[in-house]
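Number of protein chains: 2
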Amino acid sequence: MFRTVAKVAIIKKAVQPRNPAPVNNNYNPPPPNTANYPNTNPTYIPAYNPAYENAYASVDPFLSNLGHVNYIAIATRDIEKSIHFWRTIMGATKVSGKMTNPEHGVYTVFVDLGQTKIKLMQPIDEKSPISGFFQQNPTGGIHHICINVSDLALAIQKTKDNNIRSLGEATIGAHGFPVILLNPQDCGGVLIELEEHK
Amino acid sequence: MFRTVAKVAIIKKAVQPRNPAPVNNNYNPPPPNTANYPNTNPTYIPAYNPAYENAYASVDPFLSNLGHVNYIAIATRDIEKSIHFWRTIMGATKVSGKMTNPEHGVYTVFVDLGQTKIKLMQPIDEKSPISGFFQQNPTGGIHHICINVSDLALAIQKTKDNNIRSLGEATIGAHGFPVILLNPQDCGGVLIELEEHK
Chain S
0 MFRTVAKVAI IKKAVQPRNP APVNNNYNPP PPNTANYPNT NPTYIPAYNP AYENAYASVD
60 PFLSNLGHVN YIAIATRDIE KSIHFWRTIM GATKVSGKMT NPEHGVYTVF VDLGQTKIKL
120 MQPIDEKSPI SGFFQQNPTG GIHHICINVS DLALAIQKTK DNNIRSLGEA TIGAHGFPVI
180 LLNPQDCGGV LIELEEHK
Chain W
0 MFRTVAKVAI IKKAVQPRNP APVNNNYNPP PPNTANYPNT NPTYIPAYNP AYENAYASVD
60 PFLSNLGHVN YIAIATRDIE KSIHFWRTIM GATKVSGKMT NPEHGVYTVF VDLGQTKIKL
120 MQPIDEKSPI SGFFQQNPTG GIHHICINVS DLALAIQKTK DNNIRSLGEA TIGAHGFPVI
180 LLNPQDCGGV LIELEEHK
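Which chain is which? The protein sequence lines are S and W, in order.
Numbering that gives the first Met the number 0 applies: residue 0 is where the first sequence begins, and numbers increase by one.
Numbering that gives the first Met the number 0 applies: residue 0 is where the second sequence begins, and numbers increase by one.
Extracted from the complex, chain S is given alone in its bound form:
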């Protein structure tokens, strides 16, 4: 935690705020000029162009920070029934054992589909943080998605600079990596967890 706070302070100095990228998918940017880094010219944040992807990633750490979708978390009232659905009906072969996470108030099971995983979550009791989810979603459903970032402090700084609120402070998640939850009201209705994987 102290390390994260310190890192944010360092990044605050190093990363200059930029203007938003213009939304223009036909735009072909010139090659990046690494001699002038950091280049604050907004035209240097391109619309997607495969030819420049790696070049840009090497210039701006922000553009290589976002990783894969780690998992999709599904809230369920009956985790055994959900295991049955994913293993016996859908045919998933890599289903973890049931784990108890008392600090998050849930039982969890991971369904590994090769890339993004499915995380099944059942509240341990009524006090579980996910119990309220079932009031709006009586049959359960997708609760949140978890996305990897290579530098959580950088991601926190970038979201704060853009008025994206987080839910609480960065903590150590169930897998032992630093995580933070972003406020779904600022993320198009999607509860997003960011998890640091260097």
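Possibly wrong hints are sitting among the right ones.
Heads up, the list lumps identical chains together, so a pair's fine if it works in one copy or across two of them.
Below, a list of computed lysine-lysine pairs in the DSSO-like style, where the Cα atoms sit at most 30 Å apart [unchecked claim]: (1) K126 x K197; (2) K126 x K97; (3) K97 x K159.
If you are wondering where the hints come from, they were derived from the structure by calculation, not from laboratory data.
Take the given structure of chain S and dock chain W to it, following the hints.
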């Protein structure tokens, strides 16, 4: 479509219904006996054991049918704002142009995160099939997930055999591949689209 129906009929004969796999993650199954395929002994559907994963996949086509999560579909009222969020705030570098899918009543944009993609969807007008979603989710949110299968007819047969209803018949999806939607009431509150990728 006719090909799919014919395939289902063939698979109905070939695939014997099995008992559900016992939920026991400590169980180490014996090596599969390929000479006796199809082996209907329920102990031959193991809890996940990496040592036997490939061996089993070669025995039962059902256990190699389920693929990766192709994308997470997010419904938004303002796709330009969502593009801004994913590209400029989150740092996604591979964002597609805005596509119009009149047959599905949506504008779509794909955010490629290397593995599972984010699919942004904005209704074209009030008649769009996803317009109703915003009554329960005014700010938008995760609408459905799309999972690859290698054989859609086999997946349809397996879900039907287990009383999982589908929403309509298999059709050709926006990417030109056969797709089907499963009823979220039978899938733990999750709207699942299956897309065939051979």
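Please write out, lowest number first, the hints stated earlier that are contradicted by the structure. Number 1 only.
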